[in-house]
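2 protein chains.
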Amino acid sequence: MVIDENFYMRLALNEAWKYQGLTYPNPAVGCVIISKSGEILALEAHKRAGLPHAEVEALKSAYIVLSGDKKILELTESAQIHNYLLENHNDYFKDATIYTTLEPCSHIGKTPSCATLISKLNIKKLIVGSLDSNEIASGGNKVVNDAGVEIKYGVMQKECDELLLPFWLWQKDKFVFFKWAQRLNGTVDGGIISSSKSRTKVHAMRDVCDLLVIGGNSVRVDRPTLDARLVNGRAPDILIVSKSDDFDKTIPLFSVKNRDVVISDNFDILKNYKNIMIEGGGGMFEYSKDVVNYHLTFISPLIGGDDGFTCSSEKFKILNLDQDEQDIIMWMKREL
Amino acid sequence: MVIDENFYMRLALNEAWKYQGLTYPNPAVGCVIISKSGEILALEAHKRAGLPHAEVEALKSAYIVLSGDKKILELTESAQIHNYLLENHNDYFKDATIYTTLEPCSHIGKTPSCATLISKLNIKKLIVGSLDSNEIASGGNKVVNDAGVEIKYGVMQKECDELLLPFWLWQKDKFVFFKWAQRLNGTVDGGIISSSKSRTKVHAMRDVCDLLVIGGNSVRVDRPTLDARLVNGRAPDILIVSKSDDFDKTIPLFSVKNRDVVISDNFDILKNYKNIMIEGGGGMFEYSKDVVNYHLTFISPLIGGDDGFTCSSEKFKILNLDQDEQDIIMWMKREL
Numbered sequence: 240m241v242i243d244e245n246f247y248m249r250l251a252l253n254e255a256w257k258y259q260g261l262t263y264p265n266p267a268v269g270c271v272i273i274s275k276s277g278e279i280l281a282l283e284a285h286k287r288a289g290l291p292h293a294e295v296e297a298l299k300s301a302y303i304v305l306s307g308d309k310k311i312l313e314l315t316e317s318a319q320i321h322n323y324l325l326e327n328h329n330d331y332f333k334d335a336t337i338y339t340t341l342e343p344c345s346h347i348g349k350t351p352s353c354a355t356l357i358s359k360l361n362i363k364k365l366i367v368g369s370l371d372s373n374e375i376a377s378g379g380n381k382v383v384n385d386a387g388v389e390i391k392y393g394v395m396q397k398e399c400d401e402l403l404l405p406f407w408l409w410q411k412d413k414f415v416f417f418k419w420a421q422r423l424n425g426t427v428d429g430g431i432i433s434s435s436k437s438r439t440k441v442h443a444m445r446d447v448c449d450l451l452v453i454g455g456n457s458v459r460v461d462r463p464t465l466d467a468r469l470v471n472g473r474a475p476d477i478l479i480v481s482k483s484d485d486f487d488k489t490i491p492l493f494s495v496k497n498r499d500v501v502i503s504d505n506f507d508i509l510k511n512y513k514n515i516m517i518e519g520g521g522g523m524f525e526y527s528k529d530v531v532n533y534h535l536t537f538i539s540p541l542i543g544g545d546d547g548f549t550c551s552s553e554k555f556k557i558l559n560l561d562q563d564e565q566d567i568i569m570w571m572k573r574e575l
Numbered sequence: 240m241v242i243d244e245n246f247y248m249r250l251a252l253n254e255a256w257k258y259q260g261l262t263y264p265n266p267a268v269g270c271v272i273i274s275k276s277g278e279i280l281a282l283e284a285h286k287r288a289g290l291p292h293a294e295v296e297a298l299k300s301a302y303i304v305l306s307g308d309k310k311i312l313e314l315t316e317s318a319q320i321h322n323y324l325l326e327n328h329n330d331y332f333k334d335a336t337i338y339t340t341l342e343p344c345s346h347i348g349k350t351p352s353c354a355t356l357i358s359k360l361n362i363k364k365l366i367v368g369s370l371d372s373n374e375i376a377s378g379g380n381k382v383v384n385d386a387g388v389e390i391k392y393g394v395m396q397k398e399c400d401e402l403l404l405p406f407w408l409w410q411k412d413k414f415v416f417f418k419w420a421q422r423l424n425g426t427v428d429g430g431i432i433s434s435s436k437s438r439t440k441v442h443a444m445r446d447v448c449d450l451l452v453i454g455g456n457s458v459r460v461d462r463p464t465l466d467a468r469l470v471n472g473r474a475p476d477i478l479i480v481s482k483s484d485d486f487d488k489t490i491p492l493f494s495v496k497n498r499d500v501v502i503s504d505n506f507d508i509l510k511n512y513k514n515i516m517i518e519g520g521g522g523m524f525e526y527s528k529d530v531v532n533y534h535l536t537f538i539s540p541l542i543g544g545d546d547g548f549t550c551s552s553e554k555f556k557i558l559n560l561d562q563d564e565q566d567i568i569m570w571m572k573r574e575l
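If you read the protein sequences in the order shown, they are chains A and B. Residues 240 to 575 in the working numbering are what the first sequence spells out, letter by letter. Residues 240 to 575 in the working numbering are what the second sequence spells out, letter by letter.
Each statement offered as a hint is correct.
Chain copies aren't distinguished; within one or between two, either way the pair holds.
Here are the simulated EDC-like cross-link-like pairs (lysine to aspartate or glutamate), alpha carbons at most 16 Å apart as the crow flies:
#, residue 1, residue 2
1, 275, 330
2, 488, 461
3, 397, 564
4, 299, 326
5, 572, 400
6, 554, 564
7, 391, 243
8, 275, 389
9, 554, 525
10, 482, 504
11, 359, 389
Hints listed in this document are in silico derivations from the structure and should not be mistaken for laboratory results.
Okay, chain A solo, but in the shape it has when bound (with noise of 0.2 Å):
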């Protein structure tokens, strides 16, 4: 295994595909800090909107590497942990190495600005695997080199973009996911089967998408809250795919407050939201192909169950693989 540029950003985006679906509006972000002599002070990632940047993630977990000094821990606001570090960096980061799988943003939004913070800090180089495409945040590579930062950029870039990818899409339209859970042996009946690990991310993913499509008979067969309550979080509208309205509106799914819910025979409604995940089995999969981006499979190394996806041949890319407790979560993209 050769260690090279390469290593690090594959390291950073790993880690930044472990929060993708859960970073909404912002992008997933990973970073790898390497001291001046080499050493991975830190390996973040940005997890949720509201919290810090990757980089700024990186940065604090390096800090203490360097530092020692745990104070920064009590710091959660993006804004105190910059204006922390600015004040104590006491040039700790002299000739650090920043792997970024995003360019840094340039605007004062939520948080300040990562590229001004980078500027700042004595950094010796940026490694960058995207450009930003995003009007706003974008610059930042220009404000890092303005400050004598040396800057490399389109590292694993390609892979980069995918993780990018979603970002894009909500950002000039919309980006559609397909989500299922599956044992090993394509069974997709029989209950529950994902995890409880896997079960709470996808919750935490509902919890910031907009819209959530099922389809009219996972309704009347499963019942459904679909809700995010194993994160204590917001509960999407709902899209239920059904030519006819025959539900048992008694059903919690129904009832849940702030949430619109739609039944209709097309996807027209789609074009109203931005994050929009689709949780279904065969029937569904078929049925959305064509307006999905992204799909997102959670494997449970089980053999059981007797009813799979019945559909038409496909291949998938994998763009990303990892592991919780117990499931395979896979990220993957439909080759045309």
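Here the structure of chain A is known, so what remains is to put chain B in place on it, guided by the hints.
Only chain B this time, still in chain A's reference frame:
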């Protein structure tokens, strides 16, 4: 993500698992070398019996990073590399830390002792996962410790022991693994499923297996040769599990030189072998599961085919998850 001893041992583990099934009669071992200043200098694994041990592969890679001297690349014999390192190390490794999933060997077999080599390079610390229970090779920790190197062992020992289990088993008895290839939707029918790279890997595994077990129906229907032609390798002996002897003996399987083919309705002959691969579908899975130690599946990100495993419910623990250019490669252990 915390960058600690477990992080580096996990890197060594993942690298080693890539060669699981290929190192017989040696164990799969991974090694990471960290410089005095904390930089990852090398991440390597033992790839095949006769090639250098993981520690030697890693020291060779680290030497190139530290010295810039690429002449060592011309050396392929482990003994040559040992000698070259001892003559030219120039104290480059002073105060380095070595992570290895298994205690370094202390005996001189196909290669000189890794423990002796490590003990002469001014290494500061050796961090070990599993202790070697091989009576001939063990004692490496003592050799290294006697030379003044600090030793810590038991880091991720459970995971390192899982990596090492095949070696332990074939030393005292035999190791049996069941390999199958499937699509994402669980199907195993309809011709070639795995990528060219996955199939080449399976041939490399056949090359070092001493027995390959296959079901009678597979032989009747697929008429396979079951050799290791993709790697110009040795064809293993074959056990065809079948109650009847009604095979077309003109198919190539029966005429491969230097190969025994046994037809039997039981597994009695397994006792004569050490490293045994079973290839099959659901029927063979069910029939063999009580003699199988590990399961290995290649999952192609495809939907298609018609038939998958029809067997009783099973639960696995994932031991390692990897990906080649297309397929998922997953080692698992049945949970009883």
